[in-house]
Amino acid sequence: MKCKLIASVAMSAMMIGLSASAALAEGQLNIFNWGNYTNPELIKKFEEQFKVKVTLTDYDSNDTALAKVRAGGHGYDIVVPSASFIPIWIGEGLLLETNPGGMENAKNLQDNWKSPEFDPGRKYTAPWQWGTTGVAVNTGAYSGDVNTSAIFMDPPKELEGKVNVVPEMADIMGLAIAYVGGEPCTADKTVLKKVRDALVAAKPKWLSMDYGTTEKLSSGDWVASVNWNGSTFRARLKNDKVVYGYPKEGFPVWADQVVVLKDAKNVDNAKAFQNFIMEPENAALISAFARYANAIKGSAEFMPADMKDAPELNIPAELVSAGYVSKTCSPEATELYTAIWTELTK
Amino acid sequence: MADDVAGKRPFSIKRQPGFGFIAACCFVMLYAPILILVAYSFNAGSSIAIWEGFSWRWYEAAWQNRQVIDASVTSLKIAVSAAAIASCVATMAALATTRTEPYRGMTAIYAAINQPLMVPEIVTAVALLIFFAIIKVNTGYQGLAYLIAAHSAFCIPFAYLPIRARLENMDLSLERAAADLYASPWQAFRYVTLPLMLPGIMAGAMLAFVISLDDVVITEFVKSGGQDTLPTYMLGQLRRIISPEINAISTVLLAISVAVVSVFFVLSRKGGKA
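These protein sequence lines are chains A and B, in that order. Using the numbering used here, read the first sequence as starting at 110 and increasing by one per residue. Using the numbering used here, read the second sequence as starting at 141 and increasing by one per residue.
Isolated chain B (complex conformation) (with noise of 0.2 Å):
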C-alpha cells in the first residue's frame, strides 16, 4: 500500500501545468494597485500618477486637516462601540446556538443572526434611512447612536462566525467536569467557558471593528450633520480634484486594517491550537 501511495502522487492542483504562472497573475492584480497607491501616497508633486520624488508632505497635509481628524475620530468611535455590542451580543447568541440540545428553528435563527451577510448592503442602508428619519424627526435626536447601532447590526455576523466556531471546537468535558465539581452554571461560565472562548471573542471584536472601520454605504445614508466617518469623506473627496492625501489616509486606514486582521489571525491560531 505504500507503495501504491509512492508511485502514484496523489492528485494536487498544485501540480497543475500553470498553476504558478495563474498563482503569480493573481496576487499582482490583487496587489499591484494598492502598491501603486502606497507608492504615490509618498508623492512630492501634487499629482497621482506623475511622480515628481519622495516626501511625507501629504501626511503633515492629512494630519493638519481639521476634517481628516474629526472624521478619523468619529470613526474610531463607532467602530470600538459597535465591536463591542457586536461582540457581546454575538457572544450571547454564539452560546445560545452551541450550548443547548437543538431545538426547532434553530436554522432560521442562524440565518437570522447572519441577515446583513446575505441583504445587499444599499437594501439596508435605505430601509434603515426611512426608519431612523422617522425616529430622528420624532424625537430630534440626531447623535451617534444611530451609526453605533447600524454598525452593530451588520458587525454581529463578522462577531458570531469566529466565536462560533471557537465554542464548537472546545472540548465539552471541561464543562462537564466543572459541573460535576458543583459549580453553578454561571461559575462553569465565567471560570471555564469565557477564559476559553476568549480567544474567539477577540478575534471576533477585531474583526467587526474593520468591517464597521470600512464601511460606507450605510454610514452615507444614515449619517447626521457632522458624522462623517473616514471612508465618506474620503468618498467625498474622490468626486473632486484628487490629491495624493487621499493616497495618504488609505495607506494609513490600510496599515490599520493589516494591524488588525494580523492580530485576528495570529489569536484564531493560538485559539486553534489549545
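Bound conformation, chain A alone (with noise of 0.2 Å):
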C-alpha cells in the first residue's frame, strides 16, 4: 500500500515533468547562462515584445557549459560562453552561423567590438558584457599614474609592501607578459624568463595574494591591489579614494558573447534575441544588473546613474588599444606559466 501510494506520488511528479515539456513547443527560448548574470527585467520584455516563453538555466563555467552542449540533446537555443572558448565553440561545429555582425541593431556595436578577433565580422557572435583586469590605487596612499603595471611589478616607493595581488595565473601572467612587452599567450623562453625574473624580484614587495579585494579596498585595508574593473566600481561607491587604473602596457580583457546552437530548436527567437540585445536600451538592462560594461554605443544614457561614466565602465580612448582580448593559450605555453606560477606562489 505504501508503495502504491509513493509510486503514484512518483508517476504524478514524473507526469508534471512531462507536461512542462511539452509546452516547450511553440513560442520558446531556451537560454543557457552563467548564474546570476541576466536581467530578469530583460527576459520579461523580450518575452511580452515577441510573445515567447523563456527558460532560463544557470552553469557555473565554460567547461561546464561546453561538456553539455558537445553531448547533444542538451535543448538550449542560447549560450553565452567568454571570448576566449568562442574559437573551440565555432572549430567544433557546434554554432549555428546567423551573422549578428548584418542584423539591423548591429549599427550600434562599439568599433573596437565591430569585428572582435576571436569572430572577424561577428559571423556567430553578439555581445554580452566585458571587463577588464588592471589595477586599483586609493589615492590616499599614491597619487602618482596609476595606468600602469608597475603599481605591483615595480611598486612605487609609497605602496612598497602593501600591494596586494589576486590570486589568478591567467590574469597575472597576462598582465606580467604584456608588461615586459611580449605578446598575449607567447611561449617564448627569452620572454617568459624576463617574466618570472621580474615577478620574482617583484613578490618581496607585496603585502599578501589574496581574493576579497572589494571588501578590503572599500575598508582601506589594502591601498593597492591587481583588481578586476567590476570590483574597483563597487569598492569605490562605498570608498571614492579608490580609483582603477589600465595598464598601458597592455591589460587583458574578458568578454561573454551570445551564440545560437546549431541544433536549436528556435532559431527565430534566438536571432531576434541576439538582434534584441543590441539596442542600447536592452543593452543597458543587460549591464544594470550584473554591473558590467557591454559594447553597445548609447546604451549609457539608460544606465542607472552610478554607471553612466564611470571610469571603471569607460575605457579611457588612449587606453583602449592597450587591452586585448583574452585567449586560451596554447598547452606549451600553459604549461610554462604553471611553472613560473608554482615557482611564485611557493
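Read the hints as simulated data drawn from the structure, not as lab findings. A quick note: this is a predicted structure, and the numbers were derived from the prediction, not measured. All C-beta atoms, glycine included, are put in the ideal place defined by N, C-alpha and C.
Per the computed footprint, the stretches of chain A lying under chain B, defined by three or more beta-carbons under 8 Å from a beta-carbon of chain B, are:
no.	stretch
1	144-155
2	161-169
3	179-185
4	317-329
Take the two lone chains and join them into the complex the hints point to.
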C-alpha cells in the first residue's frame, strides 16, 4: 500500500515533468547562461515583445557549458560563452552562423567590438558584457600615475609592501607578459624568463596574494591591488578614494558572447534575441543588473546614474588599444606559465 | 575480580590527555563556518564579510526571487520522487538480501546495490550525461524524469542501509509464528514484516530525501533547460557577486536538512527499542 501510494506520487511527479516539456513546443526560447547574470526585466521585456516563453538555466563555468552542449540533446538555443572559448565552439561546429554582424542593430556596436579577433565580422556572436583586469589604488596612499602594471610589477616607494596581488594565474601572467613587452599567450622562453625574473623580484614588495578585494579596498585595509574593473567599481562606490588603472603596457579583457547553437529548436527566436540585446536600451538593462560594461553605443544614457560615467566601465580613449581580449593559450604556453606560477607562489 | 576492575580502570579514549581540547577543536572547525554563514544571513548590509546590523531583508529577497522559488519547487519534486522510488526499490532489495538463504553472488549483489557509494560522483555524472544525451536526441523528451531517475539511482544505497539494518535486527520468530498460523507469505509480509520494518523504511526515505536535496554534481550534468535545483542555482550565483541572499537560502536548506535528519535519528532510535 505504502509503496503503491509512493509510486503514484512518483508517477504524478513525472507527469508534471512531461507536461512541462510538452509546453516547450511553440514560442519558446531556452537560454543557458552564467548564474546571476541575466536581468529578469530583460527577459520579461523580450517575452512581451516577441510573445515567447523564455526559460533560463544556469551554468557555473565555460567547461560545464561546453561539455553539456557537446554531449547533445541539451535542448538549449542560446549559450553565452567567454570570448576565449569562442574559437573552440566555432571549431567544433557547435554554432549556427546567424551573422549578428549583419543584423539591424549591429549599427550600435562600439567600433572596437565590431569585428573582434575571436569572430571576425561577427558571423556568430553578439556581445553580452565585458570587463578588464587592471589595478586599483587608494589615492590617499599614492597619487602618481595608476595606468601602469608597475603598481605591482615595480611598486613605487609609497606602495612598497602594501600591494595585494590576486592569485589568478591567467590574469597575472597576462599583465606581466604585457609589462615586459611580450605577446599574449607567448611561449617564447626569453620573454618568459624576463617575466619570471620580474615577478620574483617584485614579490618581496607585495603585501599578500589574496581575494576579497572589494571588501578590503573599500574598508581601506588594502591601498593597492591587482583587481577587476567590476570589483573596483563596487569598492569605489563605498570609498571614493579608490581609483582604477588600465595598465598602458597592456591588460586582458574578458568578453562574454551570445551565440546560437547549431541544433537549436527555436532559431528565429534566438536570432531575434541576438538582435534584441544590441538595442541600446536593452544592453543597458543587461549592464544595470550584473554591473559590467556592454559593447553597445548609446546604452550609457539608459543606465543607472552611478554607472553612466563610471571610469571603471569606460576605458579612456587613449588606453583602449592597450586592452586585448583574452585567449585560451596553447598547452605548451600554459605549462610554462604554471611552472612560473608555482615558483612564484611557493 | 570486581576489585580488579575497580583498581585498574579499563582503557578509555576519553581519558587520554588532551582529549577534551582536541574534541573542542574539531567541533569548532566543523561548526564555526556554518555558524558564521547563518549569522551573516541576517546582515543588513550587502556584504558577506562586514556586519552592518540585523535584518530579515535577504530572506525577503530570496522569497521574492522567482528563480529561487522555481528552483526550490524543482528540488522538492525531485527529492520527493527520488526518495519514494529509492525506498521502494531499497525495501525490495533489503528483503531479497536478508530474508533468503544465502546464495551464490549475494556479495556481488550487495556491492552492486551500494555502487553509488563507491564510484566517484563525477564519473557517474559524465556517464549519465552521455547516456541521457543519446535518449534525449532520439526521443526529444526533456522532462524531469531524467533527474528523478538519476537521483533515485544514487539514493538507493542510502535508503537500503537503514532498511537492511532494521531487517537484520528484527526478530524472525514473529514472521515464523505468522507462517505457522497459516498466513500466506504476502499476509505475513503485509501484517507482520512491513509494519515492523516501517521505521527503517521511513528513515531510509528521509536519508534519501536529504541526499537528493543536496546533490550538485550529477544534477548539474543531467539537468535540461529550466531545471535548476536549489544547489545548482546557488553554485551559479557564487561565480558572480556574492550577497547574503545565498546565506539566507543556505540557512533555510540547512534547517530543512537538520530537521529531516533529526526525524531520521528519532525514528531509527525508536526502531532500535521496539
